[in-house]
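Colleague: I would like the entire structure built from these sequences, with the hints used as guidance.
There are 2 protein chains.
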Amino acid sequence: MEERVHNFNAGPAALPLEVLEEIRNSFLNFKGTGMSIIETSHRAVAFDEVINDAVERTKRLLKLGDEFSVLFIQGGASHQFCMIPMNLSLPNKPLDYINTGTWSTKAIKEARIQVEDVRVIASSEDKNFSYLPSGFTVDKDASFLHFTSNNTIKGTQWKKYPDGGDVPLICDMSSDFMSHPVDTRPFGLIYAGAQKNLGPAGVALVIIRDDMLKRIPNNLPTILSYATYKDNDSLFNTPPTFAIYVIDLVLTWLEDTIGGLEEMERINKEKASLLYEVIDESKIFKGTTDSSCRSMMNATFRLTDEELEKNFLSDAMKNGFVGVKGHKSVGGCRASIYNAVTIESVKSLANFMKEFESANT
Amino acid sequence: MEERVHNFNAGPAALPLEVLEEIRNSFLNFKGTGMSIIETSHRAVAFDEVINDAVERTKRLLKLGDEFSVLFIQGGASHQFCMIPMNLSLPNKPLDYINTGTWSTKAIKEARIQVEDVRVIASSEDKNFSYLPSGFTVDKDASFLHFTSNNTIKGTQWKKYPDGGDVPLICDMSSDFMSHPVDTRPFGLIYAGAQKNLGPAGVALVIIRDDMLKRIPNNLPTILSYATYKDNDSLFNTPPTFAIYVIDLVLTWLEDTIGGLEEMERINKEKASLLYEVIDESKIFKGTTDSSCRSMMNATFRLTDEELEKNFLSDAMKNGFVGVKGHKSVGGCRASIYNAVTIESVKSLANFMKEFESANT
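Sequences listed follow chains H and B, in order.
FYI, in the numbering used here the residues of the first sequence are 1 to 361.
FYI, in the numbering used here the residues of the second sequence are 1 to 361.
Because the hints were derived from the structure by calculation, they are not lab data.
One thing to keep in mind: the hints can contain errors.
Simulated restraints on C-beta separations [to be verified]:
# : chain 1 : residue 1 : chain 2 : residue 2 : range
1 : B       : GLU125    : H       : VAL115    : 37 to 43 Å
2 : H       : GLY32     : B       : ASP256    : 54 to 60 Å
3 : H       : VAL45     : B       : GLU125    : 29 to 35 Å
Keeping only pairs whose Cα atoms sit at most 25 Å apart, straight-line, the calculated SDA-like set for lysine to any residue is [as the list claims (entries may be wrong)]:
# : chain 1 : residue 1 : chain 2 : residue 2
4 : B       : LYS328    : H       : LEU213
5 : H       : LYS328    : H       : ASN311
6 : B       : LYS31     : H       : LEU213
7 : B       : LYS63     : B       : LYS214
8 : B       : LYS106    : H       : LEU213
9 : H       : LYS214    : B       : LYS109
Even glycine gets a Cβ: it sits at the ideal position worked out from N, Cα and C.
Modeller: If you want it as structure tokens, here you go:
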């Protein structure tokens, strides 16, 4: 086995070692075809099996009802920010958004480029997005209610999703998709850029409910309509075949090796606890968010002293902990502990933090 | 070395064996980072070197002037069909298109969704796109003149590009990009889906000239504006890092192993000649296009007898020649002989065709 670092990158991020080994081992000869997966036609039977398997595993893992379709669309979550208002706005019905951080803010900005009546019905911007808002009212006639399930940069995560009443929920689940079970019934659309919990950058997995498809205007550019992906099983044009292949391997690992989303959630809770316990007991590390809504995926924290923080980040890097620096827009520290980050990596980081504290107090 | 088939796929297609081996060998440890390329942050120095190298090699290989920028955009050529009219139409100036096959037709369809005055100034549809039109007149006040340099399905290729006068050319070069030198000066924009000559599916390489950037409306969705990619060096959102990494390796092979586009063209001509000589001398194989414009990338042909054609395709498959069946929309046979298809593979196919003819006449 090759030497591997402890990868706490926020995305693209760590992937399961057994998945990486499988890709490597069959890279020159995909399923006995005598060619690489990246040389294989998207119309080949061998690839058809891959994409169908990825769809079926997604349906099983999330226990999706028959009213949902699973689509693969290029462009990542940022592309969805544009497609959602374009496809799913109802005439003269406002778009409701909850603003809980950098990515929500971007989604709102893109909605406003296209639709006049975009309402931010709740926001935690007043306290630098360190908490999640409550006590808001959803417009009854809203086209949809959009929110971000996990805020990668700010380190917050909804434990109980906002209640939209009869208004369909639309959710950017990029950074905690497939990390725990979800009751998908209130959702009109769920989307997730792959590069956190699912696979390589370059594709978003989109789950859309049948009633949403009826909203799509028929004069959209073909490539920007959800109907195109639904009607062609995500094969209208050449899809990002390698990314979908890796997603299928990751979903296989999640279902067959881990044992599904309940077990994944248990492991993720255990991993997050290891870090938050260190932070809660520490005199030099402190969390940056309300502890009631801190993320199981992105543990954000600061050191009480700026010089110490610099030393911590530099020592972490030297000791093989990669990606522990916070996002450039907020600074500080962040350990992204997505599904594929092992409990051993998290234990090592927790121990390293404790040792650093001992040596520096 | 693993057993490899002769891959004549139309795209995704054959890639250089040395590139595939390099990907495999460093798959668990990219540039000594202790992680896979697909786990590496798009903000990491190691990836920055990759994308910058890919841009610089593109500029050197095509001898691009300083007025050109090289961008990486998700969604493939089909996504460009939508972005081009959205970004580059001038008010009250028609869009001129030349229709030479399936992909031109799709580009025209997408332009018409967005712009009223789209003119097809020349077409070879009357003879099932088996030739390339001449003697047409470009509107002097057109926003641009769009054409397809190589018609993957129909098997034709422009040997001398249409003259747009002062009207900038826009070209879909997906299926012959980087297969021969190009005088890029008359072009406002060149685009190419990667999955033929460049790398894996999931990204288009776009070359845009500075004066085109001034046309872009400022109210576009951010992700659909060329300015976004130009202003952020293709890193506005997470790019398809793996696809760009493979493109960089392919461009390295093209520049350092092959020796550049002049040499690549010489090899491609030799490969195409091997097949067209068999076709020209055959009593049972016949080309489907005018010989003056037949493609160096996609050799299309039929057999004189339908039963014989079925047998040929089935025998080809049995003998390790993959992807020789024509596109489902036209039938017949097609051998796609992109840059990475070796002369040995083409010789083997040419010999197989001759042997098949001997055995069946």
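Colleague: Among the hints numbered above, which are violated by the structure, and what are their numbers in rising order?
Modeller: Going through the list in order, the structure violates hints 2, 4, 6 and respects the others.
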